[in-house]
Amino acid sequence: MFNVLENSFHDISNEPFDLSISNTYIEYIMSADNTSQQINKTIRKDVEKIVDKCDIEDICAQCDAASNKTVSYCRCWKSKKFPFCDGSHNAWNKETGDNVGPLVITKKQA
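The sequence shown begins at 1 in the UniProt record's numbering and counts up by one.
Bear in mind the hints are in silico, worked out from the structure with no lab data behind them. Heads up, a few of these hints could be off.
[Said to hold, decoys possible] Simulated crosslink set (DMTMM-like; lysine to aspartate or glutamate; CA at most 25 Å straight-line):
(1) Lys41 x Asp98
(2) Lys81 x Asp55
(3) Lys81 x Glu48
(4) Lys49 x Asp64
(5) Lys107 x Glu57
(6) Lys81 x Asp98
(7) Lys81 x Glu95
(8) Lys107 x Glu48
(9) Lys108 x Asp64
(10) Lys41 x Glu57
(11) Lys108 x Asp55
(12) Lys41 x Asp52
(13) Lys80 x Asp98
(14) Lys53 x Glu95
(15) Lys108 x Asp58
(16) Lys41 x Asp64
(17) Lys80 x Asp46
(18) Lys107 x Asp46
Here the structure is a predicted model, which is why all the values come from computation and not from measurement.
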């Protein structure tokens, strides 16, 4: 059994080119600017973590006040009315092929 494992081991010490490519890729990943991978590019960047709390009664009141009886919350981080959706995701989806949309809350009619 030992010989089978020993023979199946692939010695990469004689492949400096492959190691060079691997090391270069690892260095690239490690040095990449993490801010370019951020989803939220503009909204409340002065706080560590954005948390919005909404009282259920306030949401119900907003639904009642809306002509279509719904409230839409942004999930794309591009809305100028954040945390509410302003439809900014439509242009983003068209530009990038993404498929993000809002969280839509509707109050059930009694």
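Taking the hints in turn, this is what the structure says about them:
Distance hint between Lys41 and Asp98 is fulfilled; the C-alpha atoms sit about 17 Å from each other, no more than 25 Å. Of the supplied pair hints, the one linking Lys81 and Asp55 holds, its CA atoms being roughly 18 Å apart against a limit of 25 Å. Between Lys81 and Glu48 the CA atoms are separated by roughly 20 Å; this keeps the pair inside 25 Å, and the hint holds. A threshold of 25 Å between alpha carbons decides the hint, and for Lys49 with Asp64 the separation of about 30 Å lies outside it, so the pair is violated.
Annotation: proposed proximity of Lys107 to Glu57 holds, straight-line Cα distance about 11 Å (limit 25 Å). Restraint check: the Cα-Cα separation between Lys81 and Asp98 comes to about 21 Å, which is no more than 25 Å; the hinted pair holds. Taking the CA atoms of Lys81 and Glu95, the gap is about 21 Å. The hint holds against a cut of 25 Å. The hinted pair formed by Lys107 and Glu48 fails the criterion: a straight-line CA distance of about 32 Å is larger than 25 Å.
Among the hinted pairs, Lys108 with Asp64 is consistent with the structure: their alpha-carbon atoms are about 10 Å apart, no more than 25 Å. Restraint check for Lys41 and Glu57: not satisfied, since their Cα atoms lie roughly 31 Å apart, outside the 25 Å limit. For a cut-off of 25 Å, the pair hint linking Lys108 to Asp55 stands: about 17 Å separates their Cα positions. The straight-line distance between the Cα atoms of Lys41 and Asp52 is roughly 17 Å, inside the 25 Å bound, and the hint therefore holds.
Only pairs whose Cα atoms come within 25 Å are accepted, and Lys80 paired with Asp98 is accepted, the gap being roughly 19 Å. For the given pair, Lys53 sits about 31 Å from Glu95 by alpha-carbon distance, which is inconsistent with the 25 Å threshold. Between Lys108 and Asp58 the CA atoms are separated by roughly 15 Å; this keeps the pair inside 25 Å, and the hint holds. With a C-alpha separation of about 32 Å, the suggested pair Lys41 and Asp64 falls outside the 25 Å cut-off, and the hint is violated.
The straight-line distance between the Cα atoms of Lys80 and Asp46 is roughly 17 Å, inside the 25 Å bound, and the hint therefore holds. For a cut-off of 25 Å, the pair hint linking Lys107 to Asp46 is broken: about 34 Å separates their Cα positions.
Of the numbered hints stated above, those contradicted by the structure are hints 4, 8, 10, 14, 16, 18, listed in ascending order.
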